[in-house]
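Asker: Given the sequences, and given the hints that come with them, work out the whole structure.
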Amino acid sequence: MFHWLEKNPFFFALAVFATIAFAGLVEIIPNFAQSSRPLIGTTPYSTLELAGRHVYIKNSCNACHSQLIRPFKSETDRYGDYSLSGEYAYDRPFLWGSKRTGPDLMRVGNYRTTDWHENHMWDPEKVVPGTIMPAYRWMFVNNTDVDTAYAEMITVEKFFGVPYNKPVPMKDGSTKTIKMADTLHQARKDALAEARIIVKDMKHQDVIDAVEVGRIPEIVALIAYMNSLK
Amino acid sequence: MNKIYLWGFIVTASMLGFTYVSVLGSKGGFNGDIVNILTIAGAAALVIITVFVVIKYVRQMQTDTADGELVNESWDGIGEYLNPVPMGWAIIYLMTMVWAMWYFTMGYPVQSYSQIGEYNEDVDVHNKKFEAKYASITGDRLVEMGESVFLAECKICHGLTADGIDGTASNLNVRLEANVVKNAIVNGSNNNLLGMEMPMPNREFLFNAAGSAITDAEIDTVSAYVANGFTGKGSDVYLSACASCHKENGMGTDYGPNIAKYTPQLVVNVLNHGKKGVIGTMPAFNRLNAKQKEAAGAYVTSLSE
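From first to last, the protein sequence lines are chains A and B.
Counted the way the numbering used here counts, the first sequence spans residues 1 to 230.
Counted the way the numbering used here counts, the second sequence spans residues 1 to 305.
Bear in mind the hints are in silico, worked out from the structure with no lab data behind them.
Check before you lean on any hint, since a few could be wrong.
Claimed, not checked - Stretch by stretch, here's where chain A covers chain B in the computed footprint (C-beta under 8 Å, at least three residues):
(1) 111-124
(2) 161-168
(3) 277-288
Claimed, not checked - Reference excerpt, derived from the structure (chain A facing chain B, CB under 7 Å, subset only):
(4) 71
(5) 73
(6) 113
(7) 119
(8) 127
For glycine and all other residues, C-beta sits at the position ideal for the given N, C-alpha and C.
Answerer: The structure is reproduced here in structure tokens:
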């Protein structure tokens, strides 16, 4: 019946490929589509959080810190619930990391606070004796690049349909809307408004003064991002 | 004798000889080890069987001639004999089908491996063990457990000696420091220290002995008074402004927490709800279980006793 196919190696190869590919489609796609959907309670990043994420990437935090908690008792005890793929729906790129020189940061927002991060980034040795993490003092001086964060927001909203300005379902049944500004000017104002909330819990006078006059030091954005990791 | 058998013997003998020299000759024999003996027996059997199976098929190739009925097919001149299906193969094929039916309907759905399932089992086993071993501990053992909880979770902010690392967090070796008391009086406080919403009013609603709002100087005095363990100046301000909720000796009431010393319940409430004060924000630690929180409470209480 299929002798004609057996005599045509090219079409035979195509047929084999089609058969295997179809099996793959049936088995992989539905499961993947389901699990990569944003989890209920997963929200897109706000302007300042996204800017903080850029600071995180710029300083290669992911070289030492993972953001992926495996389903082992020893890990969930230390870092919180194990990670699910839907939680990374708005991570572009994801920052799983491949090596833990420092601890996992997937849910660091649950158990560290603004003032702790401030102390720790200024002088890690003070709060964690013997740590090999270096101080990141330039973050207290350098300004955050809000413009690039806003550009990313527009891009992901336009091309990947990230639900900015739309209600996102939360775990308790309510909804939450993450705002994306209409103009760059407004985005800068939004980021500054977020920064003012963070800075209320900070003690570094230079940082407080900077936000007071409308600058956002990188540390503020980074802390906003850290606090959003839950 | 056929030349091929001669070669077979030569190859067998040389391979066994090589095995003997390399394993037994140089390492001093079997050393009475059953694993060594089995390994050598296996190696010898493998060599002998391989050599003679090869000989059998080489001889078959030398003498066999092709005959039998050809099937009615030809692929570029290559034909195929109409042989019956080998019995062993047929049996295995049918058994595979039976197994597949079992696997589709029972094996996979009921007994498949799941990483999360294994995790849940792990957690279950751990919790049962914890329950059996630690659920009823009290006294010194509870304090010991609290110390290990403290070293795992609390020392990152409060420091190894619980001194708060130079103002990074509260100093847990004393119940209250003057700046903490002052902040609570000036701004009020609502930290669920009693395990429920019970706001402490700010300075505008705290009155001194004369019945008017408490003054800056009085705040400083009473803060020092509380921080010094209810000694020194300031008892008159304390009695009028604070004692109605916290009692004369600071031991607290149903509607005012204990400000004279730590109690395990106080610490547990803080661990459940977190708190926000003059130093900073402390997150809730709900990943600790009830017993671990109780233990941490016992340890923190023991620090200032």
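Asker: All hints are to be evaluated individually against the structure, with a verdict given for each.
Answerer: Verification of the supplied hints:
For the stretch 111-124 of chain B, the stated coverage by chain A is satisfied: 6 residues place a CB nearer than 8 Å to a CB of that chain, which reaches the threshold of 3. Counting residues of the stretch 161-168 of chain B whose beta carbon lies closer than 8 Å to any beta carbon of chain A gives 3, which meets the minimum of three for the stated coverage. Restraint check on the stretch 277-288 of chain B versus chain A: 7 residues with Cβ-Cβ distances below 8 Å, three needed, restraint holds. This hint holds: residue 71 of chain A has a C-beta 4 Å from the nearest C-beta of chain B, less than the 7 Å allowed.
Hint on residue 73 of chain A holds. Least Cβ distance to chain B is approximately 5 Å, under the 7 Å limit. A distance limit of 7 Å between C-beta atoms decides the matter here; for residue 113 of chain A the minimum to chain B is near 4 Å, and the interface restraint holds. Evaluation of the residue 119 of chain A hint against chain B yields a held restraint, the C-beta minimum of about 5 Å falling below 7 Å. Annotation: residue 127 of chain A was flagged as interfacial toward chain B, and the flag holds, the nearest CB pair being 6 Å apart, inside 7 Å.
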